[in-house]
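There are 2 protein chains.
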Amino acid sequence: MQAILLLTVSLCLAAGSLAKEPHPCKSPPLLEGSLALAILKEKTFGVERFAYNAFDERVHVRVLLDIDNKTIYSDTLILYKEGIAFEIFRHNQTCKKVPFKDHWKPVEIPKDAKFQSQVIIGSFSAPGDGLLVNNWSGEVAESPVKYLITFTEFGCLPVHGWYDMPDQTLLSMSFYDIVIGVEDPDIFIPPSFCDKVELNSDRETTSLFDALMRSL
Amino acid sequence: MQAILLLTVSLCLAAGSLAKEPHPCKSPPLLEGSLALAILKEKTFGVERFAYNAFDERVHVRVLLDIDNKTIYSDTLILYKEGIAFEIFRHNQTCKKVPFKDHWKPVEIPKDAKFQSQVIIGSFSAPGDGLLVNNWSGEVAESPVKYLITFTEFGCLPVHGWYDMPDQTLLSMSFYDIVIGVEDPDIFIPPSFCDKVELNSDRETTSLFDALMRSL
Numbered sequence: 016m017q018a019i020l021l022l023t024v025s026l027c028l029a030a031g032s033l034a035k036e037p038h039p040c041k042s043p044p045l046l047e048g049s050l051a052l053a054i055l056k057e058k059t060f061g062v063e064r065f066a067y068n069a070f071d072e073r074v075h076v077r078v079l080l081d082i083d084n085k086t087i088y089s090d091t092l093i094l095y096k097e098g099i100a101f102e103i104f105r106h107n108q109t110c111k112k113v114p115f116k117d118h119w120k121p122v123e124i125p126k127d128a129k130f131q132s133q134v135i136i137g138s139f140s141a142p143g144d145g146l147l148v149n150n151w152s153g154e155v156a157e158s159p160v161k162y163l164i165t166f167t168e169f170g171c172l173p174v175h176g177w178y179d180m181p182d183q184t185l186l187s188m189s190f191y192d193i194v195i196g197v198e199d200p201d202i203f204i205p206p207s208f209c210d211k212v213e214l215n216s217d218r219e220t221t222s223l224f225d226a227l228m229r230s231l
Numbered sequence: 016m017q018a019i020l021l022l023t024v025s026l027c028l029a030a031g032s033l034a035k036e037p038h039p040c041k042s043p044p045l046l047e048g049s050l051a052l053a054i055l056k057e058k059t060f061g062v063e064r065f066a067y068n069a070f071d072e073r074v075h076v077r078v079l080l081d082i083d084n085k086t087i088y089s090d091t092l093i094l095y096k097e098g099i100a101f102e103i104f105r106h107n108q109t110c111k112k113v114p115f116k117d118h119w120k121p122v123e124i125p126k127d128a129k130f131q132s133q134v135i136i137g138s139f140s141a142p143g144d145g146l147l148v149n150n151w152s153g154e155v156a157e158s159p160v161k162y163l164i165t166f167t168e169f170g171c172l173p174v175h176g177w178y179d180m181p182d183q184t185l186l187s188m189s190f191y192d193i194v195i196g197v198e199d200p201d202i203f204i205p206p207s208f209c210d211k212v213e214l215n216s217d218r219e220t221t222s223l224f225d226a227l228m229r230s231l
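Residue numbers (our numbering), protein chains in the order written: chain A, 16 to 231; chain B, 16 to 231.
Hints in this document: simulated from the structure, not taken from any laboratory. Quantities reported herein were computed from a predicted structural model and do not represent experimental measurements. Take the hints with a grain of salt, since some may be wrong.
Same chains, same names: a pair is fine if it fits in one copy or spans any two.
Straight-line distance between alpha carbons at most 25 Å, and here's what the computed SDA-like set of lysine to any residue pairs gives [said to hold, decoys possible]:
1) Lys161 - Thr86
2) Lys161 - Cys40
3) Lys41 - Ala156
4) Lys41 - Gly196
5) Lys126 - Glu157
6) Lys161 - Asn84
So that you can see chain A by itself, here it is in the shape it has in the complex (with noise of 0.2 Å):
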């Protein structure tokens, strides 16, 4: 795995600022924020829009994706405990719904993960030009897919991800602009027309890639 060596080899050389190892943490409960995304292998780039919400696990993403030039759109809100995926068009308000059978998985540093180091994006050379991150390496539980994780020192926040999958494609994921709650905790409802929509359990999703994927 090339990629955590990345910041394996880092600990060489980087002019870290470690004065003690930090724990795995939690991000905050209410989320909403954005990330860029590319699936390099394919190139695949995307930005999606998320709404995180730990208490109910529930997530809804909205995504605009680029695949051989052609942008697709999609509108997917997933209820972890009920096992329920929402594929919503609102351009012509329909749904569909589908069996999901992911187990939750909060926004956290595994406990697991392996600390890798600590560094400032930009500077502390002058006020407002740095922001203090943790690299973190390890393992998808239950699958073959190794991770090197960027979360904020100070909030616990998500900035990077890299995703070694099985299939050699690397999976590159940039946060930004998150909000810390959620303004409108109706976006964790499904759309009133998506009330009499059938189960259709000949699908089955069975994780939040997947879904996305699937919905597209």
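Using the hints, position chain B against chain A.
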């Protein structure tokens, strides 16, 4: 150029905090720092410690690269004004001195770069949790290399660069631990064991990237 799309489409979704479009800026003339380098097609990863002196037009870089699971180290001092690059081998106190024919490239947002978006890495919901940055895109002068670069709003420090090379290679550079100023000015002076080395005119280096690759 799909990488450029990454931020272009983000304008559609990003909850940007843009008040007034920023102007291209130039970094402070003396800098030290690190960067994590990834050449994605070739699965080459590495880290670099750099010192930068825009007054004398000198750059000193120490690179640790992982190519095909082989780790390679290089130490290069480039004197742009003099048109010379030194490849330094401290372990046996030897040196190579080669002509260097590139023109000086300051760390800055090129004047013809296109402003893409202003975003926060992390969050402004709590103090110390976020960093305000600007994304710019463009094409390197006299080459078909397209770029997408991120610099801090305050201080004009490099944060990240995507470079889309002509052969479809995607180069990612993540900067960190930047210090404004240079602790040891001697870092820009060739070590004494380089004094009597003859210029090897058989080899000519035409860019910083070329210098780094050739010195491996």
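So which hints don't hold here, by number, going up? none
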